[in-house]
Each structure stands twice: as C-alpha cells, then as structure tokens.
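J.: Grab the two chains, each in its own frame, and use the hints to assemble them into the complex.
Protein sequence lines correspond, in order, to chains A and B. If you count the first sequence from 1, you need to add 602 to reach our numbering. If you count the second sequence from 1, you need to add 88 to reach our numbering.
Be careful, since some hints might not be right.
[Unchecked claim] SDA-like cross-link-like pairs, simulated, lysine to any residue; straight-line CA separation at most 20 Å:
| # | chain 1 | residue 1 | chain 2 | residue 2 |
| --- | --- | --- | --- | --- |
| 1 | B | K95 | A | L749 |
| 2 | B | K95 | A | D743 |
| 3 | B | K98 | A | E688 |
| 4 | B | K95 | B | T411 |
| 5 | B | K95 | A | R721 |
| 6 | B | K95 | A | H741 |
| 7 | B | K95 | A | Q748 |
| 8 | B | K95 | A | I724 |
| 9 | B | K95 | A | E688 |
| 10 | B | K98 | A | Q748 |
| 11 | B | K95 | B | A546 |
| 12 | B | K98 | B | P325 |
| 13 | A | K723 | A | E688 |
| 14 | B | K98 | A | E836 |
| 15 | B | K95 | A | R745 |
| 16 | B | K98 | A | K723 |
Calculated from the structure, these hints are not laboratory results.
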Amino acid sequence: MHTMTAPAVRLDAVTKIYGSGENRVTALREVGVDLATGTFTAVMGPSGSGKSTFLHCAAGLDRPTSGSVRLGDTELSGLSDNALTEVRRDRIGFVFQAYNLLSSLTVEDNVSLPLRLARRKIDARWIARVAESVGLGDHLDRRPAQLSGGQQQRVAIARALVTQPDAVFADEPTGALDTRTGRQVLELLRSIVDDSGQTVVMVTHDPVAASFADRVLFLADGRLTGVMDAPTAELVAERMTKLGAW
Amino acid sequence: MRDIARKTIKGRKAGFAGAFLAVLLASVLITALGVLVESGLRGGLPPQRYAGADVVVGGVQALPVVEDADLSLPERVRLPADVVDAVAEVPGVAEAVGDVGVPVSVVADGAVAELPRPVTGHGWSAATLTPFTVADGGGAPGRADEVALEEDVASSLGVGAGDRIELAVGGVASSYTVSGVVSRPGGGDARDSAVFLTDERAGDLAGADGRWDAVGVVAADGVAATDLARRIADAVPEVRTHTGDARGHVEFLDIGRARGELALMALSLAGTTVLIAMFVVVSTMALSIRQRRREFALLRAVGAKRRQVRRLVGTEVMMLASTAAVLGAVPGYLVGIAMGRAFAGSGLLPADFRLAMGPLPGLAAIVLCLLTARLAGWVAARRPARLNPVEALGESAVEPARLGAGRIRTGALLLVLGFFVSGLPLLVPGTVGVAGAAGGALLLSIGVALLGPKVLGAAAGLLAAPVRRLSPSHGYLATANLRANSRRLAAAVTPIVLAVAVVSVQLFSQSTLAAAAGRQTVDGVVADHVVTGTDGGVGAAVTDELRRELGDDATVTPVVHSQVVVRYSELGDPAQEMFAAQGLDPAGLGRTLDLEVRDGDLGDLGEGTVALSRTASATFGASVGDTVEIVLGDGTPIEPTVVAVYGRGLGFGDVTLPHDQLAAHTTSGLDSWVLIGGGDSAAVARVAAGHPGLVAATGADLTAAGSAERSAESSSSLVAILALLAYLAVSVVNTLVMTTAERTREFALLRLAGAARRHVLAMMRVEAAVIVVVSIVVGLLVALPPLVGVSLGLTESPLPSISPAGLGGIVLTTALLGFLATGVPARAALRQRPVDAIGLRE
Ligand SMILES: Nc1ncnc2c1ncn2[C@@H]1O[C@H](COP(=O)(O)OP(=O)(O)OP(=O)(O)O)[C@@H](O)[C@H]1O
Ligand SMILES: [Mg+2]
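Chain B extracted, bound-state conformation (with noise of 0.2 Å):
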C-alpha cells in the first residue's frame, strides 16, 4: 500500500498540489500564531535600566490560572517598604536597592517639551542598577528640589549642572536645580529616558507611600544569580524574583501586559484557524479524492477491499501531510514575525517587544497538521471505499449529487446549533452570551458546507431563469453545468461562503461595538467641558484647583479608568476576567455623566460598593444589593455591594467604583478626565492653561479621544483576522483553479463541437459569476444571524451597524477571487489543442 500510494503521488503531482497546498499554508499559519503565543509566555524586552542588577524583585503581577492563562495584572503591584530590607538580609547578597519610577514632563517655557523619548523619575540609589555614572562637574541630587539628568535630556534642553528646570507630573509642575548629568553604560538602546530626584522625592511623585515598584539586587561575588534569587524567594514572602531577560518583565509593566493580550488573542484566534484549517484541508482533500473517484472503483473492482482503499487513502494523505507540514513550519516562523510586527504597528505591542523563537511551535504545527490530515483522510476515504466499482466506471464522470443521509443529519444540525447559538444573547445576558453568537457563524458556515449541493442547487435554480434571459447561449450553457454538478459547485462556494461569513461577523461585531460605544459616549457626557492631560493624566491638585476657581455652581467630577479583574461564575465553572472600570464620586454627576441608570441609584455609591453595567450584571447574575468579586488593578482584592446598574458600559466601563478606592490601586492615581457641569469656560481655560501638557475642551472632544483607542484596538484584530483571510483567500483560489482544471476535457469537447475559445471563456464567466453571487449571498446570510445576536447582546438593538466600506470590500475582494481564479486557470486549459485535451487519458 505504501509503495502504491507513493507512486501514485509521483504519477499525479498536480493532482495532489492542491491538497498539498492547503496542508502548507495551514502549517504555515499555525505556526505564526504558535509564534505568538510561545511570545505571549515567554517574549519580552530584556532589561534595560536594571542591566547592572543580578536579581531583580517585583510584586506578584499577576493572578494565577483559574481557566487557562495567567491573568497580568494592569496595575503596579508595589512592594512594602522593608522588603528592602528583608532582602538585604538575605545571604549572598552584596547590595539591595528599591526603585520606584514616575513617569514626567519636561517643562520648557511654561509648555511640555518636545523629547526623543518619554523620560521617567527615579530615585537616585535605582542609579546603581543600571549602573549610571555622573558626569564630571555634577552630582547626586541631594535636595527634594534637585535633579539629576541623563545625557540625551540635557542636550535636547541645552541645560547643565546648576541650571534649572521644570518637571510636571499630570500637570503638576514643580522647579528644580539640575545637579549633574549621568549616562548609562555603553549608552545603549533604551526606550526611556532617566531622571534622578532624591528617593523621597521620586516617591512622593509617584504616589508610592514608601513602597517599592521593585528591588533589584546585586550578587556578592560569586554568587549565582538564580541561586540568590531561589533563595530571595525562599526567605522573602509576597514576592516574585527575576534574573536575565525575565528582568524585563518588571521594568517595563507593558510588556506584561501585551504578553498576556498577545497570548489571549492569538490562542483564541488559534483555535478558529485550526478548525477552518481542519475544514479547508478536508474539503481540499475531499475534492482531490473524487477526481479519481473513477480509479478507487477500478481498485475496488480488481480486489481491493474497503478497508485497504481507505489505507490507501490515508497513507497518501499522510505522506502528503507530513512534507507539507514540514515544509510550511519554517515560513511559518517568517510569517509569525510580521503579524508581530503588524501587531506592533496596531499599537497592541510596543514597538521593541521581542518575540521568542523556539522549536515549539513549528511541532506543534506539524503535530496540528498530521492529526487534521489524518482527520481529513479518514472523512475523505470514506466515499471511495463505499464506492460501487460497477456504478463508477460508467463512461461519465459525473458524480450522483446524492448526500449520505449522515452528512444531511449533521448539515441540519449544525444550522440548527448555528442560529441556536446566534440567538444566545437573548438567554445568556452578558459577554458568554456574545462570544458564542460570534461562533455561530462558523457552526452555520460549516451546516451549510455539508448541505452544500442541496443549497447551492436551490440557488442555482433561482438564478437560472435570470441568467438566461441575460445572456442566452451561455447562460444555458453555464446554468447547466451548474445543476448537473452542483457538488463541483459547492466545492467552490463553500470555502467562500466561510470566508465571507467569518470576515463579516469579525468586522462588523467591531463595527458594532465601536458605533454603540462611540454613541453611548457622545450621549452620555452632559458636562459643559472637559479637562484632559496629553502626557498621562491629570493630577488631584488640579481638581482641587478647579473646584476653588469655579466654586459651587459648577460640578467637578474626576474620572479616574483602569481594569479590574471580577470573579465569577460562567454556567456553573469559576471564571475571572478582565474589564474596564472607572472611578467617580456621585455627587452632582447628573451635571457631567448620565450612565444611564436601569435600577438602583447611583447616588449611594460609597466606600464598599459598586454600580456595573448591564452587561456585567447579567455576566456576573450580580443585580443590586448582591455582592461581587473584585481584583482591584493591582491585585487587591474587594466585595462591593452592587447599587447601581447602569446601561452604558460600553462608552465607559463595566464595573464603577468611588473615586477614591480606585485611583488608590492604579499606578500613577492620576485621573484621565476632568468633567466640569456648569462653571465659566474662561476659569476653566484659565486653570488648564496653567498646567502644562492640560487641555480644556467640550464633551464632544472627548469621544474622539475614546474612540481612537478603540479603533486602535479593533485594527489589531484586523490585523489578526487579516492572516486567516489570507488564508481563506488561496483557500478559496485553490479550490477554484482545482475544479477548473478538471475540467479540460469538458472544454476540449466545447470546442470541437464548435464553441470558440472566447464562448468558452464567456461560459465560465456566467459560471463565475452565478458562483460569487451565490458565495456572497448565503455567506452574508450565514453572518446575518450571529451579527444580530452580537447587536443584541452590546447594544440591545438587533441592528448591527455595517460599515459601507467593509461591505464593500468584502464584495469586491471576493469576486475579484472568483473571476480570476476561474479565469485563468480556464484560459490555461483552453490552451492545449483540443484533439490533444480529449485525449487526455484518465
């Protein structure tokens, strides 16, 4: 059978180029994503600041497991103040130094000043870590009002030792003497630049309250790093440790984070493109098996048994398999690069972040592409092997559209599933709800691929009588054509339709979001201005200031955001996750936000409690007056009594905590608006004006503000998507230039029967055309009810709202596919002479 099986790969190369692609490109798709999550664990930035530290303590930054990924936590998860000292105690090491960092503007003529990077506070011990060197002629900065400066600041300022300048911290300036300027070793590659104030003063600044962002540590001589770190863990409780690269992941909290949104995304985006990958490469398989459907019946007919012409089936997919899984883990690795540059590009990784390259993940391809070959062999063998040999040699090659009654039983259940699932945000409230009427396209996708030949001939049939009036002698031709071989039809339209189901419900559940959140936005902001800070945020001085200039008449309320983590429970099964909250004090707020209220009041928001959004009540099943769990950003955990459930959560966050509470456990307590109801827009203007890096506007600036985040974030799942449209795209060429190609014969017969090439060609447009109208037709429908149930569950309106733009580039994208991808490979096969083409033996 082997022997016999690899012959027969030899002797039809261009049979099997098909199947062979498909098994590639899902190897080489698999492994980029692999790629990505494997950087999700592992990928990073290696130390920079905290180069000259052998051990670097952090806070424990993350939840641990409760379904599959380690929650990172949002916020700084601080150090008491004598872990420092706990440390030091610790044998081996030489010397244990805390560093907190603030980030800062530079001040320059009463304006924030341009710089080539961001420059960030530090107290002047953290010097030691890196380690920088002060300058001839300088010094540590010994006072709360002096400051010590990198290299790169003073030269962009043109300042020096004993001159003075201006830091702001959420708009909040204070004037200092430059005491001395410091570089880094080898100056190096960094994304920040450093400052150094005194310990104190860089705590203050940064709202530390004597704790510790991290303490890093430096070895006695001869000590092992990992070993002193063992041991720090060991004797030190609460605490995390880190040696060579993994330093990283306490400088710098980002990458933290986008690892974790790295690997969240592309296992999720992972597990949809293995099943599209298993479903492309089934149905690629599927359709290169019934081209021979006529030599499997001559095999059954000289003695080979089912069960032999299944094993011959699946050795060939194997052997198939196994080379072009091989051969697409290593561009694989290539393509895993660029989407993490494009992810970086889209803003979700920082633009240094290093992707891990390890073997993993191209194994896991490979392993990934065997099992789904050896899945598609076994469904794909199982027709020929029931072949009767007799039925099957008969002169025509045509296949009976007859479908196995199992696969008609499955094909309706999943549809039924599909919009049962679609239609879940009606039962299950909450983002459970959402999420599973989003894969309702992908059950209806496939419910529809296996009644393909049914659906298609019904499609088909309507658009007979429309097709021949409009173009007579073809169109018969064409429509023909079509009816008798409605499962080379289907062979065609349903990876389409897949296409065309998916991108749609991925861009316009995006859509939708966006349109609903933007909206909820622009309603619910009623205050008369709006006080926001360019570089990070708005400091409490501020607030305080506005409400002395402004006085009682006008409302000041300050909006602090951050994410916490809420406990609960999914049907049945503890779950945690992450969502967008906001802290703000109730009073006056019907001047400046109207969340709108569904049940309880928002006015008893206090110490102990918490107002959701409708969304998050029905994820939770937490309604007013029950009890939630919270991780607060920096891992403090909290139980609120609910008072309050509110309908936009969308514009401005699932979970509202006061004010207070929550800017407590964010890293630098700033605000990130300032909503002002009532007051004199001069004074407000006035007050901003004296704050660098502030600026006043209206509510209605705001909502661009928020919304180009989201489109940020929405690019990067484009972004995402964009590779399994890739793939979908060959996927679907492929199968198209494969149910051409059959086809030489048949055009060689047109021809001698007296059809030019040019009928022909203007046959097989008919034919293309019929197969994209159809393809975007039913793919449109099958989104149609997942869209509505998203709509639903976000907004509470079944209308989706659809992007003319990507309605139309759906559209034009996949005709443009059809036409060429039938196009040519029928100009290809009208090439050849037809007596030469008839000949072509079997």
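Isolated chain A (complex conformation) (with noise of 0.2 Å):
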C-alpha cells in the first residue's frame, strides 16, 4: 500500500442521487476511497454499476449529491463553478470514451486547448514534446477526422496530460480499439504514472487492461465492494464472474 505519500484524490462517503421521484436513481452509495499519488488505479464493475458517476464525482465534472471529494488538498465541493471549472483545467486530465476532439482544431491546437482556456503561453516546443510523448509528433497539423480512433484517444491523452495535471482520469478509454492500439493506450498511461509520477484513474471492463494498473477498485450497484492489489488479468477475470453472480 502507498501509505506513505497524501492521497492524490479522496473521496469520503460520495453519494450521487440522479432524478427524483419514481426516476430516482441511486448511482453512488456513500464511497469512500483513497487513491494515492503516482499510483494507477482500475475501476471495474457491471454495466450501470456506478463507474463513470465515480470518475465523473472525482474529477469534479458532476457534484455529488453528498460527500466530500478532496484533490490533494482542496475540497471540491465547496467550490463555485469557475473554481472548479478552473482545477478541471490546470490540475485535472480527462480522457472520454468517445468524442474528444473538437472536429474544426488542429492535432495541435486540440492538445493545447486548456492552455489557451487558461491564456497561458503556448510553447510550442512542449506542444511538440507531448504529441510525441503519445507517438503523435508527426500528425501535429491533421484534423480529428484525419486520423484513426486510437490515433484520436492518444491525442485525447497528450491533451489530458499538457498541463501536467495532479491526476488524469480516462473512461473507458480503450473502450471503441482494438487489442493492439488499446495495448499503446495503456502503455501510455502506465508511462505517465512512472515516468512523471503522475496519479492515473482508469474505468475499464477488460481484466487484461485492468492489469496494467496498481490497483482495482471493483463496484457494484453503487458501492465499493472490493479492492485488488498489483491485479493480474487471470485474477480479475475470475473477480469479475464473481460479481456478476452476486
């Protein structure tokens, strides 16, 4: 266990409530969980078990309905939303399943989006450094429609990372590729953790990417019902029919 360094995100008792009345839909139940810096974490669970909820309450795109949510030492859910839109931009990375891109940017401008958001200078040498970082630096100048779906997850990737964000937080983002391309994805991700010590959070329903990761969180309808340590593939797998069962 990484106890020894501050957790990178905690979540403490998140609760999200969607809909109300007969719609009401509880996506989270009081999910409390550290997630220590440099360390790259898998969640995992059924279909509608509450997994992109988790990633979304974390990475302080959605608000929970209760609980705190913590990015080192700054509580989320305190904050208005220019604050919070502001820690999106400058500590946080995210990477979606679909639809990253915007279609009209350039490779290039897409990775340096959120500097310009955050009207920091753009150093296009450091631009240059993270396509590459990604396996991109040739493609700087193509359209999103340029290039094929892994190529776009990788440029969905350099984005997430370009502002050296605290923790990057990617759903299901091996999710539309196939074995090969989801291997580089992957591997990337698992670079990013130990070469800049970067804190990764990955959803996924595959145990083969899961294995790439420190550590998996398993959930089920909503709750945090498992947690395993340096996961193999084999290992996972046979969680998950566990869970199914239940």
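T.: Pasting the structure below:
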C-alpha cells in the first residue's frame, strides 16, 4: 500500500442520486476511497454499477449529492463553478470514451486547448514534446477526422497531459480500440505514472487493461465492493465473474 | 478565444451557413428599407419647369414635427400676392416672378383630347423660369382669351398661332386663340406639358385669388444661389427657399406627399422588419449552436469557464455577422431600388420619383445587424454556457425537451400581452386600438415561439393518432421523431407560424378594411345620380347649372374631398395625424348621402362646426359639443365644434366640414362628386354632356371608383410586406434545411437497419406534412385574435372578411415551402452511402 504519500484524490462517503421521484436512481452509495499519488488505479464493475459516475465525481465534472471529494488539499464540493472549472483545467486531465476532440481544430490546437483556456503562453516545443510522447509528433497539423480512432484517443491523452495535471482520469479509453492500439494507449498511461509520478484513474471492462494498473477498485450497484492490489488479468477476470454472479 | 472562434468558423462552414444567410438577408432588407426611408427624406425629382430659376420660394408646405416625421401638407400652401415684391427687393435678386399652375384639359371636338402628357396652365411671366422661348411667328398671350402652347401640345393637336382651341378646368371649358408656340431648352424630359395664359387668367382659373404657388428667383450675376436663398428667407417671413434639386419639391407637390408617405411606410415596415430579423437571427443562431452541443460540453469539461463559452459564442457570432452584414448591404441597395419601382407601379410613388442613394442606409443596416447579432449571440450562448459537461457528453445528441422557467414565463407573458393588445379596440377606440391589435400578431407569434416545443409537442401528440392511421409504418416513425425532438420541430415550425400569422394579419386587415369601406359607400350613397370628373374634378359652375336645370324638386350635393391634419392627445401625448375629409352642405342630404348619424345632428353643420366619424371621435376623444384642433390641407388652422358623429367614416372620410370652407382650402377648389337626389336623369345627362370630361352615372358606379383607390393603397402595402414575406420564406427554408441536414446520421442508421431510400423519404414527407399542418393551423390561430380586434375597431363587427384567394395563397405557399425545404435536403443527405454517413465524425 502507498501509505507514505498523501492521497492525490480522496472520496469520502460520496453519494450520487440522479433524478427524483419515481425516476430516482442512486448511482453511488457512500463510496469512500483514497487514491495515492503516483499510482495507476482501474475501476471495474458491471454495466450501470456507477463507474462513470464515480469518475465524474472524482474529477470534478459532476457534483456528488452528498459526501466530499478532495483533490490534494482542495475540497471540491465547496467550490464555485468557476473555481471548479479552474481545477479541471489546471490540475486534472480527462479522457472520454469517444468524442474527445473539437473537429475544427488541428491536433496541435486540440492538445493546447486547456492552455489557451487558461490564457497561458503556448510553448510550441512543449506541445510538440507532449505529442511526441503519445507518438503523434508527425500529425500535429491534422484534423481529428484525418486520424484513426486510436490516434484520436492518444490526442485526447496528450491534451489531458499538457497541463501536467495532478491526476488523469480516463473513462473506458480503450473501449473503442482493437487489442493492439488499446495496448499502446494502456502502455502510455502506465508510463505517465512511472515516468512523471502522476496519478491515473481509469474505468475499464477489460481484465487485461485492468492488469496494467497498480490497483483495481470493484463497484457493484453503486457500492465499492472490493479492492485488488497488484492485479493480473486472470485474478481480475475471476473476480468479475463472481461480481456478476452476486 | 478569437483564434478558436476563427478556426471553428473555418472548420464548420456548412454549420454556420444558415446563420450567415439569416444575417446577410437581414442586412439586405434593412438596407433596402433604409434607402426608402432616406428617399422619403431626401429623394424626389430635380426641377423641370423651374430649371431656369436659381432660387424657388414656396410656402411652408409641412407641419413641424410632433413625433418623428414632418407632416407634409396635402394641398398647396400659396404665397400672398405681395411676396413677389418683397422678394424682388432683396439685394442680389435680378428678377422675381410669381407662378401659379392649374391642370387643364385640352378640348377637341367637344371631348377631352388624348395627349401624351398631362397639361398645366401657367401665367406667361413664369415662362422665364424655365426659360421657354417663343417660336418665330408667334407671341406671348396678351389678352385673357389668348394662350401660348408648348410645342408637343401644338403638334399633337395640329394647331399653330392664330388657331382657336378650348381649355377646360373642372369640366368648364372656354375657348382661346393660340398666340404662339413655345419650347423649353433641350426639349427634355418633362412630366407635364405647359400652356401659358395671361398671369391674371391663370390665377383666376386656379382659384388662386392673386396668390402664388411659388416665386421663382433669378440671381444677379455673381450671386451664389444658396447665399441668396438664405437672405430671402431672412428678409421675407413665412416662406421656404429651395435651391438645387430641392427646387423640385416646390414644382411637384405630389413628390412632397409621396416622400412623406414613403418615409412613413418604410419606417413602420423597418420597425417590424428589425424585430423579425432579430427573431430570425436569434433563432437561427440558437439552432446552429444547439447542433454543437457536444462540442461545448467538451470545452466545459476540459476547463472552459461559462464566461469563456459565452465569449467564444459571442466572438463567433460577431465574426460571422460582421462579414454577412457588410456583404448584405450592397445588394440591399439593389433591392431598395426594386422596391421603389414596385411602389411606383402600385401608385404610392410617382413613376419618375428618384430615390436618394447615400451611404447611410448601408451603414445603419450594418450597425443594426451587428447589434442584433450581439443580442442573438448573447441569447444563444446562455444554453451552452450552462451545460452540464457530463450530461451533454452522453452518447445521444438528442436534447432534453426541458424549457427554462424564464422562457416559459416570458412566453406566457407575451401570449397574455398579445391577447390583451388584440382586444385593445374594445378598450381604446380609434386608430390606436386598431394599430395595437395589428401588433398583437407579433407578440403572439413570439410567445408561441418561446413556448414552441411545448405547444408543438401537444399539437404533434394530437396529430399522432390520425397520422398513424393514415400511414401506419412511416407515420409511426415520423410521429415518434416529432415527439422525441420537439425542440427541433419547434425550430422548424416557429418561423412558419410567424410568417403565416404576420401575412394573414396584414392581408386580412386590408381586406376587412376594403370590404367595410366598400359596404359603407354602397349603403351610404342614396343619390339617384352622380356626376364625376375624369380630369381633376367638377367645377362650381357645373353645380350651379345642375341646380338651375333640375329645379327645386332635386337635391344637388357637391362633395369636395381633401385631407386634414388633426391635433389631439393620444394617451396623454400630443399627436397629429392626417385624416380623409369631405366638404358638403347638409341641406337635403337625406336624399343624397346617408352617413349613418349616431349622435348630434348633421343638419347643424355650418360655419365653425365639424362632424366626425365614430372612429375619429373616439380617437380624438371629442363628442358632440367639444371642439377639435384641425389644420386644413393648406395649413390653415381651425377649431370647430363637433355637431354630429356618424358611422360611415371608412366609406366617406373621417372628418366632414362645411363645403365652401373645405373647398376654399384645396389646391383646385373642385368637387370630386356631385350627388343628385331626385331630378330627371335626361336633364342630368344633358348637363354632363355639355361639359367635357364629366360623366353622369348612378350611385352604384361610384363605389367602383372608390374601391379602385383603396386597392391601389392596399396593393402598395402588399408590396411592402412582400419583401418581408420573402425574408421570412427564406428563413423558413433556411431552418428547415438546417434541421434536415443535421439528420444525415439518423437517416444512415435507418437505412442500415433496412429502410429503403423511399421509406426514409416517405417518413420525411409525413413529418413535413405534420409540420406544415401544425404551422398553418397555429399561425392562423395566432392571427385570429388580432384580426378580430382590428375588425371590431374598424367595423364594429367581430368577423374579419377573409379573402379565400389570400387564404389559399398562404396555405399553398407554406405547404410548398415546407415540402421543398425538407424534401430537397433529405434527398441530398440520402445520396451519401449510409456506411460513410454513419462514420461522419462529430
Ligand atoms: N444523467 C443521468 N440521469 C439519470 N440516471 C443516470 C444518469 N447517469 C447515469 N445514471 C444512472 O446511474 C447508474 C450508474 O450509471 P453509470 O453511467 O455511472 O454506470 P457505468 O458503471 O459507467 O455503466 P457502463 O459500464 O455501462 O458505462 C445507472 O443506473 C444509470 O442509469
Ligand atoms: Mg460508463
């Protein structure tokens, strides 16, 4: 366990309820977890178990109905919309399953978008280096429509990394990719943790993908039902089968 | 932000095309109307007969501003006789000459001769103002029965010096000896042919009483016209001086009136247009922004603040709008010219009216479009800025049909306000109420637009069952689509509703007015015979002769028509407006004219009194016994007491004054009708036949003449709304194309699921049919309350008269536009291979 360093992200009794009345859905129930700095965490669970909701709450994209989310020293639940947006912009990177890019901007512009929004000076060499690190150094001038799905996902990762955030969140980043390109993306995420000590949280359905992580969280019906350290694909698959049986 | 905005526009040209077009067309239309407004203020016709005068001195032909525009007086404001001497004494004046004009008919063989141009008689001194020159062998008219003819008149008639001809004014003919033939320099382009009498004779025929229409001034050598004009204006009170092209304003009285009417019509139309353009631009912008929902959600997710999203939208909109507005201003001038031509064709403008072309309308259009776009951007950006990034990133791009509470409240408020305003004629009688009711259509349409998705969801729900019964397979899909995407449906329907409502109200309030006026004229004229003049009117001598010939058992009622300005207080503010007026004497009126008196006694009409129509009485707040402030057509103020209120104002005029009083203050002093009750028809016909240009008929024929005038009036306002209609039609097509084209992916999905092209097209046809039916029905429903209001105000009956042709036209046009604008882009979208279309990246 990584007890030495302070957690990068801490969730405490986080509950998320969608809708009201008869449409009421409790997507997360009292979820509490610490995600240590410099670790790679995978989140797994059956469809509808609340994985995406968990990720959105942890990343400050959505507000929990109750409970607290801390990013480093910052309590997210008390922040104004502007302050929360700034946190997302400067300290968090997010990769969605699809539709990650603005179609009218080039790769370079998409990657540098968070910097522009922060009105920071854009250092072309830095952008090039980030693009290089995801293997897209040659494609800076292309539009998203001219890239393959895997390449688009890697552009999204580059954009998530460009602000050197404390934590990167990815929701099924390999869901739409074949095994080989999926593997490239996963290796990329792994290397972020290993090389620059950033924290990565990833939702996935794939036990092989989960095996790239340091730790796997299992969700079922909105509850955190288990944790597995040093996962392997076999162990995860076994656990998942059980989860499904429950 | 500017950078991102620029790149987005470049990258999504197709998505912005609709909004671009909306602004561009708004700019075209506003520029065109601006040209008309400016022409109303500065346009006209350069002088022809006054071309040789450096300065032209005229009377004060307009009432000073009360609200927004000078009111141009309908009758000639003549100058006192001594003005000529006063002007001549001003240093720098080489020559000052008084001019008076009178339209005359040239008589050949007892009938009015057909000449290429209308003929006007003038005093011989005025010939120097052109200057006319006498051809060899002729001379100036020296005696009262001598006349000098302009070349073209002489050659058309085939007469020369020494021959005798007849000239008639108001049917009263006299014979003259031709003293010579005159010609103007350069031959030239003239709207009237001139004939010259002695100064005294011209004054008598014109009924000018020694006064002058205008005084032309020739400046001494080396004196600048503008300086001289200023000095004359300083030295002589109560006159206006004109130089350059403005001299034409004095020469052509109708141009001044046309300018006033043009400015008024263009201004009122411009108001509606700007409102509608704003509405169209805002809704088109909102539509194009809505189609990029996911993009904005992504921006929010990666750290764009609300303010930044708003600014991005604002910048995009402004970039787009500034280009579109500038590009639209240029063709706007051409459209302005085309509208000017159309106005001339419908009789609102003289055919030779010259439009004023300056940079101002274009600039104004650009500024207005930018302001509108700014507003549109602001409204359109509210939604994406408030987006919850997670919700919006969901797989489906379908938007929840939830409406903001503010929007619902505003929409409901507008509906209530629209109903209230439509009912205004019940509370506020007179023109204010009627104008208010007409405005109700706009409020109601915008209210419906705001509540659109709700209203339309309900309407589509109502239609769902019958549609499915008619067309089970496609109907099922179509109604499901309509219900799930009520917002998209609303975007398509609202401009059609607006178009149908605005056009219906305009068209049918005109037809209601025309029908009511026609009915009143038919019912009101109880006379057995009517004598009218084909050329200008009927002279007083004819009335005298009729009275002599018919004797005491017939009533002869000459009616003179003019327009008067009434000053009153409108909701507490001083207002002045022009009203149609008639002059008549009440003696024996029961046998000739029934104005349907409601209050007071028309028999009391005499010096210092007036009778008002019901509408006028309500508008001025003046009942029997009250006094009203009236300015007669030539600017003379009077303050008569109301002696009667009558019902048939639409058919005969809202203000009725004693005959001689009104006639004395018209330019020609001629009557337009002589109504005869009783008497021998053969005698009437005999008298008419003795006067060239006069026609004897029965009361029923009079109606035709009156309604012809009204239809000219309504056709020119039709021209005006036609431009507006075209704009609305384009924006309807625009939105329909936008909403259909965005569904490429959906069509592809349907086809991959096994639907053939024709299935998809059939589904779209059902959708289009629902859209067309819903918009026509809602549009007509929206038009109904204002129309009932207008009808109540104008005719006291709640039933507007709706012309079947107009209704059919509206329905057909709407249906055609609706089907074309959904069918064509749907076909285009289906031309793509479904596999490619489905892969279209967001
Ligand atoms: N916006 C929403 N409104 C209402 N209910 C929602 C909303 N978003 C999610 N839910 C519900 O919350 C629950 C958790 O959803 P969530 O998207 O977190 O599941 P997930 O674990 O990510 O599933 P998957 O593996 O299919 O992506 C589900 O039952 C879902 O129906
Ligand atoms: Mg999910």
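J.: Give a verdict on every hint.
T.: So, going through the hints one by one against the coordinates:
1. K95(B) to L749(A): Judged against 20 Å, a Cα distance of about 18 Å means the pair holds.
2. K95(B) to D743(A): Holds. K95(B) to D743(A) sits at ~13 Å (cutoff 20 Å).
3. K98(B) to E688(A): With Cα atoms ~28 Å apart, K98(B) and E688(A) exceed 20 Å; violated.
4. K95(B) to T411(B): At roughly 15 Å apart (the allowed maximum being 20 Å), T411(B) and K95(B) satisfy the hint.
5. K95(B) to R721(A): Between K95(B) and R721(A) the Cα gap is close to 17 Å, so the pair holds against 20 Å.
6. K95(B) to H741(A): This hinted pair holds, its Cα atoms lying about 18 Å apart.
7. K95(B) to Q748(A): With Cα atoms ~16 Å apart, K95(B) and Q748(A) stay inside 20 Å; holds.
8. K95(B) to I724(A): holds, 17 Å
9. K95(B) to E688(A): The hint is violated at about 24 Å.
10. K98(B) to Q748(A): OK: K98(B) and Q748(A) at ~16 Å, within 20 Å.
11. K95(B) to A546(B): The given pair, whose Cα atoms are some 40 Å apart, is violated under the 20 Å limit.
12. K98(B) to P325(B): This hinted pair is violated, its Cα atoms lying about 64 Å apart.
13. K723(A) to E688(A): holds, 16 Å
14. K98(B) to E836(A): Distance ~50 Å between K98(B) and E836(A) Cα, so the pair is violated.
15. K95(B) to R745(A): holds, 11 Å
16. K98(B) to K723(A): Judged against 20 Å, a Cα distance of about 24 Å means the pair is violated.
The structure is inconsistent with the numbered hints 3, 9, 11, 12, 14 and 16, although it conforms to all the rest.
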